[in-house]
Amino acid sequence: EAGVAQSPRYKIIEKRQSVAFWCNPISGHATLYWYQQILGQGPKLLIQFQNNGVVDDSQLPKDRFSAERLKGVDSTLKIQPAKLEDSAVYLCASSLRLSDQETQYFGPGTRLLVL
Amino acid sequence: EDQVTQSPEALRLQEGESSSLNCSYTVSGLRGLFWYRQDPGKGPEFLFTLYSAGEEKEKERLKATLTKKESFLHITAPKPEDSATYLCARLNAGKSTFGDGTTLTVKP
Numbered sequence: 123e124a125g126v127a128q129s130p131r132y133k134i135i136e137k138r139q140s141v142a143f144w145c146n147p148i149s150g151h152a153t154l155y156w157y158q159q160i161l162g163q164g165p166k167l168l169i170q171f172q173n174n175g176v177v178d179d180s181q182l183p184k185d186r187f188s189a190e191r192l193k194g195v196d197s198t199l200k201i202q203p204a205k206l207e208d209s210a211v212y213l214c215a216s217s218l219r220l221s222d223q224e225t226q227y228f229g230p231g232t233r234l235l236v237l
Numbered sequence: 065e066d067q068v069t070q071s072p073e074a075l076r077l078q079e080g081e082s083s084s085l086n087c088s089y090t091v092s093g094l095r096g097l098f099w100y101r102q103d104p105g106k107g108p109e110f111l112f113t114l115y116s117a118g119e120e121k122e123k124e125r126l127k128a129t130l131t132k133k134e135s136f137l138h139i140t141a142p143k144p145e146d147s148a149t150y151l152c153a154r155l156n157a158g159k160s161t162f163g164d165g166t167t168l169t170v171k172p
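For the protein sequence lines, the chains are A and B, in the order given. According to our numbering, the first sequence holds residues 123 to 237 in order. According to our numbering, the second sequence holds residues 65 to 172 in order.
Simulated from the structure, these hints should not be mistaken for lab results. Each hint should be verified, as a subset may be incorrect.
Simulated restraints, written as ranges between beta carbons of each label pair [what the hints assert, rightly or not]:
(1) A:Pro-130 <-> B:Ser-83: 35 to 41 Å
(2) A:Gln-181 <-> B:Ser-116: 24 to 30 Å
(3) B:Ala-141 <-> A:Gln-139: 47 to 53 Å
(4) B:Gln-78 <-> A:Lys-193: 38 to 44 Å
Note that beta-carbon positions come from the ideal geometry of N, C-alpha and C, so glycine has one too.
Same shape as in the complex, but just chain B (with noise of 0.2 Å):
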């Protein structure tokens, strides 16, 4: 069964700080993972889906890039509206395995 672990829990930056998110799982293969938003109150929004490893996508701030064992997440100039929780996520035979998440908070 696929494990999912997202580091760090938290992480607070200042406006403008780049850094980046982890998301590393135990089962390697082809499936898809996925990155989500979750904002206080409110259901995953979703962002980006990557499939095979070295691929990259970008939207807005946030590029997500793949390899064989983990994804990351990075964020470059964020700004405070930025701020939320950040999830990933395995499928494997359509079932979904999520990790716990990053709370990003920016700081103006």
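Just chain A, same shape as in the assembly (with noise of 0.2 Å):
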């Protein structure tokens, strides 16, 4: 079974510039997470989709995030304009469904170096 796919890998931007993520989940998985991960700390979660729908995006910055999943299936994660402070690993992960007993599986993240 293939993992959750994300794209690109690694991405350097200055600061102010825009960038963005891209992350197919697990086939059949309807629900999607994003977090942010910096470098010491635990993943802190951004955005977590059910479907198309926004389940929670309290901890997700809206003055500069915004994340959106079409069809159900692949997403989006954008950051406009970037900080400093943005420079993390952006890790996408998906599960099956909404549940507090439903293990959640990771992509490979995508590394931001914001300059």
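Bring the two chains, given one by one in their own frames, into a single complex with the hints.
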């Protein structure tokens, strides 16, 4: 079974530029998550989708971050404009359904460096 | 809101020297407790899910246990390939809270 796919794997941009990340979840997984992981810390949830609807985006900095999941499959996360503190790994995860007992499976992440 | 704390932050062991990692949380209740392994430059890899106090699960040299307020990841006779960061997470209404991890280094 194919895992969660993410691209690009690495991105270097200058502050105030825009960047977009793409995620393709495991086939059949209804729930999709975007996390931000700063070096030395655990992943922090940014947004989660159930099919193509947003379930929780309370920790998403909405003035600069946006995400969408059209057709309930692939998802994109955008940052516009980027700040130095956005340098982090952006992880996408998916699970079969929204449940406190459902395992989330992670992609390899996109490493973003903002100069 | 659940707070998840892992200790120690870093652990260095000799090959074969058994030890335990701790994951504690502030909100008790029946919900998933997850352990992940993360290697440098990679995404977290799922290890275990525990649901209820007293539950235990094993995989090779790893054994995870759960009480009402904390979980332990026991590593028996570790090998250098067990070196990684181990993360735990709790789910609440589908929203996950991760600890900052324990970085384990096993020296040959």
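We went through each hint and held it up to the structure:
About 38 Å separates the C-beta atoms of Pro-130 of chain A and Ser-83 of chain B, a value consistent with the hinted range of 35 to 41 Å. The supplied range of 24 to 30 Å is met by Gln-181 of chain A and Ser-116 of chain B, whose beta-carbon atoms lie about 28 Å from each other. With their beta carbons about 49 Å apart, Ala-141 of chain B and Gln-139 of chain A fall inside the hinted range of 47 to 53 Å. Taken as a hint, the range 38 to 44 Å is violated for the pair Gln-78 of chain B and Lys-193 of chain A, whose Cβ atoms sit roughly 52 Å apart.
Checked against the numbered hints above, the structure breaks only hint 4 and satisfies the rest.
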